[in-house]
Amino acid sequence: MGSVRMTQVTALVMRAVAAGHQYGFDVMEACGLPSGTAYPALRRLEKAGLLSSNWEDEQKAHAEGRPRRRTYHLTREGRSAMPQAEHKLAEARRLLGDLPEAPVGEA
Amino acid sequence: MDRRDVWIRLVGLLVPHDERHDWIQEWRAELTVSGGGMTHAWGAVSDAWYLRTEGWTMDGMLRDSRTAVRGMVRRPFFTALAGITLAVGIGANTAIFTVVDGVLLNPLPFPQSERMVSYNHEAPGLGINVPLIPHSEGTYLHYREHARAVESFAVFADANVNLIADGDPQRLPVMYATQDYFDVLGVQPALGRGFVDGDDVEGAEPIAILSDGLWARRFGRDPSVLGQLVDMDGVLHRVVGVMPEGSAVLEEEAWLALQIDHTSPEAGSFGLIGAARLAEGVTMEAADAEMHELLLRYAQENPDDFPEGALEQAGMDSDVKPLKEVFVEDMRSVLWVLLGTVGIVLLVACANVANLFLVRAEGRIREQAVRTAMGASRADMVRQYLTESVTLAVGAGLLGLLIGSSGVRGLLMMVPADLPQALHIGIDGSVLAFTAVISIVSGLLFGIIPTLGRGQNDLSLSLKDGNRSSTGGKERLRARSVLVVAQVALALILLVGSGLMLRSFSALQSVDPGFDTEGLLTFQVGLPSSQYDSPELTIDFHRQLAERLAAIPGAELVGAIGGLPLTDTKSASPMESTDRPVADGELAPLVETRQATPGYFEVMSIPILEGRALAWSDQSTEYRAVVISETLAKSLWPGESAIGRQIRRQGNEESWEVVGVAGDVRFDGIEDDPLPLLYEPIVRGTAESPGLATAMDIVVRVGGDPLTSIQAAREAVRAIDPRLPIILPRSVESIVSDSMQSTSFTVLLLGIAAGIALLLGTVGIYGVIAYVVSRRTAEIGVRMALGAPASVVLRNVVGQGAVLIAIGLGVGLIGSWAMSRTLASLLYGVTATDPITFVGTAALLAAVSLLATYLPARKAARIDPVEALRAE
Chain A
10 MGSVRMTQVT ALVMRAVAAG HQYGFDVMEA CGLPSGTAYP ALRRLEKAGL LSSNWEDEQK
70 AHAEGRPRRR TYHLTREGRS AMPQAEHKLA EARRLLGDLP EAPVGEA
Chain B
7 MDRRDVWIRL VGLLVPHDER HDWIQEWRAE LTVSGGGMTH AWGAVSDAWY LRTEGWTMDG
67 MLRDSRTAVR GMVRRPFFTA LAGITLAVGI GANTAIFTVV DGVLLNPLPF PQSERMVSYN
127 HEAPGLGINV PLIPHSEGTY LHYREHARAV ESFAVFADAN VNLIADGDPQ RLPVMYATQD
187 YFDVLGVQPA LGRGFVDGDD VEGAEPIAIL SDGLWARRFG RDPSVLGQLV DMDGVLHRVV
247 GVMPEGSAVL EEEAWLALQI DHTSPEAGSF GLIGAARLAE GVTMEAADAE MHELLLRYAQ
307 ENPDDFPEGA LEQAGMDSDV KPLKEVFVED MRSVLWVLLG TVGIVLLVAC ANVANLFLVR
367 AEGRIREQAV RTAMGASRAD MVRQYLTESV TLAVGAGLLG LLIGSSGVRG LLMMVPADLP
427 QALHIGIDGS VLAFTAVISI VSGLLFGIIP TLGRGQNDLS LSLKDGNRSS TGGKERLRAR
487 SVLVVAQVAL ALILLVGSGL MLRSFSALQS VDPGFDTEGL LTFQVGLPSS QYDSPELTID
547 FHRQLAERLA AIPGAELVGA IGGLPLTDTK SASPMESTDR PVADGELAPL VETRQATPGY
607 FEVMSIPILE GRALAWSDQS TEYRAVVISE TLAKSLWPGE SAIGRQIRRQ GNEESWEVVG
667 VAGDVRFDGI EDDPLPLLYE PIVRGTAESP GLATAMDIVV RVGGDPLTSI QAAREAVRAI
727 DPRLPIILPR SVESIVSDSM QSTSFTVLLL GIAAGIALLL GTVGIYGVIA YVVSRRTAEI
787 GVRMALGAPA SVVLRNVVGQ GAVLIAIGLG VGLIGSWAMS RTLASLLYGV TATDPITFVG
847 TAALLAAVSL LATYLPARKA ARIDPVEALR AE
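These protein sequence lines are chains A and B, in that order. Throughout, my numbering is defined as the position within the first sequence, counted from one, plus 9. Throughout, my numbering is defined as the position within the second sequence, counted from one, plus 6.
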């Protein structure tokens, strides 16, 4: 477990996960970030213990006719770091004005 | 598997092993679900790269390199040996690259220099060896009026004038240029004005524009210099401007207006080099195409100078190319060959250091096995190895930079050409970048070799028994064998190259230039045409000078000529015989013409084959006698005597009588065939236009070292005219050796490079064979205990080395053959695939290499079986 420096990117990714986007590509689309940016952020957050990942149920995926996907969730530490992430985003919005809004509350 | 799958598996190889499986699963699923396009697929690369480099923190790297440095300090001998080997290789590359960068890669230091072009002609059909055909006054005025593709166009000629200030004559390099010259350069005067409209018209007031250096040195940066009159070659020039520092292209210290007769320009004498600045947005090709059209038009409009078909016969055409090429052309092939050479030296050095690292790796098998057991991955180990090698290489690079920067200074002193002063040759950003890159690349190169072919199994095995029979040893032996082959091959390529250059050099040395050089002093004297304006004055000066010089103790003979052989002077005219004039529309052969005094032939020991030499009585406007060279005589009157025949400039009325035929001399270069030559008197024209010689090379035969007589020569000139300096006093011998300088320079550097490669290669071979012997000590011991005679052991070990050497020689011969074309342009009197050189150098290398294998083999043959077995 390490610590992670909260940046706009990690904050956006955390908010997307908090909002219920659990697959890597969903997070990426919700944040409006390219995959090459979103994924390393996911890796960093997981390594820092703010996120954890699981593999979804084989049968469920099979039923839907697709391969198993990896899912990401906030950990307890992640949930307690959310205010910090929101703060970062607010600060960024103040400085830059227009950041992509991660849709909140609809998974 | 579809394409996406292949891609993800491929990229997945970047991901650390323990995460790879999950990573591939995840990306495959996401791409399948999203029907992912290529943008996402590229994202996978970033993700994989992130995971690969995650552990590569600055901390980790620092820790690794600290370990590496500590390791090096503990092994000072190893570190010094490897470090110095590399530093020499890197230093040599840095030095040569600095010159390549400054001379070939850097642009001329003027604004938008990519638009500065050489605007001249080519004429391959003339068969004379010149890089370009410049302008006549006529072509200059024509292009200047009609060319639209260029924003400004000027012609120039460099010269030396006698600057007389404070009663003390000084030789001053100047540039005569037409009015748009500074617009071509794109520089503005720092003080006063540059050239303006009308400055270059014949009859305008002579003006001078000073360089910053001359202004500071002679006028103490006094702004009131503007408007002053200075005496140059006896003509008063009004100073109108001062140019800022760095305006000189060559080494000129002042710019004088090149005055041209605008109403009836001289059309047939091409001596003015053209430079132009392309108009905004115009390409060189477009400017060339326009110039081509303009040349055709000019030829049509001037049928006297360009008779029907003359352009076609000469193959004369426009030639627009980067301006810098005019100044650096003759350096190009030499520099690239040298850069290639030092590149090979660096490769040999890397092979050697790789060898050293292999030896060291041998001693570290157990250490690594332990680290592996404790969880270090193979990647960790490779990283540790590479950190060590790169750290060493970076240290060697710093040392190499020192070696290189002092090497550059030595190199520039030996460089065989007058380089444009304007070019900056020194360590700059690109040189630093180059050194950094070659250091790191060589670090990776020799660092990766010891890590090849080392699997996990190998390491766990070695932990178990740690003896010398582990399989990894075989892998490394193979790596070392490859290194030996590479070293032998590379060393052979360098040896063949330097062998070919050496043979060229000795061929040049045995060329007979056609004249004697021993004990000859030469210097130039320039007679200002404003003072020496009559045949009497000119002849009188030279007669007096001949007498006074002959009076120098030890001096015997004196002569003078307007341009000595091998001094790069050009003055060619189309000549024809009056009894067999060239048909209309054909160009007569170009003949180098030189004005000479009667003593010239004798002092230079040029034999008069037929007839007589020039006499003082020929030196008048009344009597018109010339001496021609054997080549010219044979081409004009094959099989007949030339004496008494008449010869003239093509299309001219006046003709001269041939009174003598002189032996041929090498004129252009010692390696070029003799040119047709015509020696004229120093007064060659008519009474109205006497055609007086101005700048002359005086030659004096003195006893002993010619340079000891310089002072006496100076006094002799001064006694006749105190305003005349003597210019460029030197021995004729040095002129001949200068003309071979380019070859001797290349011979020297290639020789040094080949020597280093030979030494390193030999050490490398010795190291490998010694290593093989040490590994086989036990086996050899057993064999000998079983009765194998020492001679069999010896043959066996040498044979092992001989196989590698033979393969290396084979590869090297093929490599040399492939490289021979690159070298061909630098060779003389030997073909690039000369069998004697190829076989000779291969034999030399084979002998030295076999000696390197013999020494350890002899040691093997002396092994005491009992000792050997006990050691196991």
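These are computed hints drawn from the structure, not numbers from a lab. From the three backbone atoms N, C-alpha and C, an ideal C-beta is built for every residue, glycine too. Incorrect hints may appear among the rest.
Unchecked claim - Covered stretches of chain B, as calculated for chain A (at least 3 residues, CB under 8 Å):
id, stretch
1, 21-32
2, 47-60
What the hints assert, rightly or not - Simulated restraints, written as ranges between beta carbons of each label pair:
id, chain 1, residue 1, chain 2, residue 2, range
3, B, Val75, A, Met91, 36 to 46 Å
4, A, Gly29, B, Leu111, 53 to 63 Å
5, B, Leu765, A, Ser62, 54 to 64 Å
6, A, Gly29, B, Asp386, 53 to 63 Å
7, B, Arg72, A, Gly29, 28 to 38 Å
8, B, Pro117, A, Met91, 56 to 66 Å
9, B, Asp11, A, Arg85, 49 to 59 Å
10, A, Gly29, B, Gly41, 21 to 31 Å
11, A, Lys69, B, Val75, 19 to 29 Å
12, A, Gly29, B, Val75, 33 to 43 Å
13, B, Thr59, A, Gly29, 50 to 60 Å
14, A, Arg85, B, Gly41, 30 to 40 Å
15, A, Lys69, B, Gly41, 26 to 36 Å
Stated by the list, open to error - Sample of chain A residues with no beta-carbon within 12 Å of chain B, all distances over it, derived:
id, residue
16, Ala47
17, Glu65
18, Arg78
19, Leu98
20, Arg103
Status of the hints after comparison with the structure:
1. Evaluation of the coverage hint for the stretch 21-32 of chain B: fulfilled, as 3 residues show C-beta separations to chain A shorter than 8 Å, against a requirement of three.
2. For the stretch 47-60 of chain B, the stated coverage by chain A holds: 9 residues have a C-beta nearer than 8 Å to a C-beta of that chain, and at least 3 were required.
3. For the pair Val75/B and Met91/A, the beta carbons lie near 45 Å from each other, so the given range of 36 to 46 Å is met.
4. The beta-carbon spacing between Gly29/A and Leu111/B, approximately 58 Å, falls within the hinted interval of 53 to 63 Å.
5. Taken as a hint, the range 54 to 64 Å holds for the pair Leu765/B and Ser62/A, whose Cβ atoms sit roughly 59 Å apart.
6. Look at Gly29/A against Asp386/B: about 39 Å separates their beta carbons, and that is not inside 53 to 63 Å.
7. Restraint check, Arg72/B to Gly29/A: a C-beta distance of roughly 47 Å breaks the suggested window 28 to 38 Å.
8. As the Cβ distance of Pro117/B to Met91/A is approximately 58 Å, the hint placing it in 56 to 66 Å holds.
9. The hinted range of 49 to 59 Å is not satisfied by Asp11/B and Arg85/A, whose Cβ atoms lie roughly 37 Å apart.
10. A hinted range of 21 to 31 Å for the beta carbons of Gly29/A and Gly41/B is consistent with their spacing of about 22 Å.
11. For the pair Lys69/A and Val75/B, the supplied restraint of 19 to 29 Å is violated, since their beta-carbon distance comes to about 55 Å.
12. Taken as a hint, the range 33 to 43 Å is violated for the pair Gly29/A and Val75/B, whose Cβ atoms sit roughly 51 Å apart.
13. The beta-carbon spacing between Thr59/B and Gly29/A, approximately 31 Å, falls outside the hinted interval of 50 to 60 Å.
14. For Arg85/A and Gly41/B, the Cβ-Cβ distance of about 35 Å falls inside the hinted range of 30 to 40 Å, so the restraint holds.
15. Distance hint check: the CB atoms of Lys69/A and Gly41/B are about 20 Å apart, inconsistent with the given range 26 to 36 Å.
16. Not every CB of chain B lies more than 12 Å from the CB of Ala47/A, the least distance being 8 Å, so the non-interface label is violated.
17. Separation of Glu65/A from chain B is inadequate, the least Cβ-Cβ distance of about 9 Å not exceeding the 12 Å criterion.
18. Residue-level check failed: Arg78/A sits 5 Å from the nearest beta carbon of chain B, not beyond 12 Å.
19. At roughly 23 Å from the closest C-beta of chain B, the C-beta of Leu98/A stays outside 12 Å, upholding its exclusion from the interface.
20. Residue placement check: Arg103/A keeps its beta carbon more than 12 Å from all beta carbons of chain B (closest about 29 Å).
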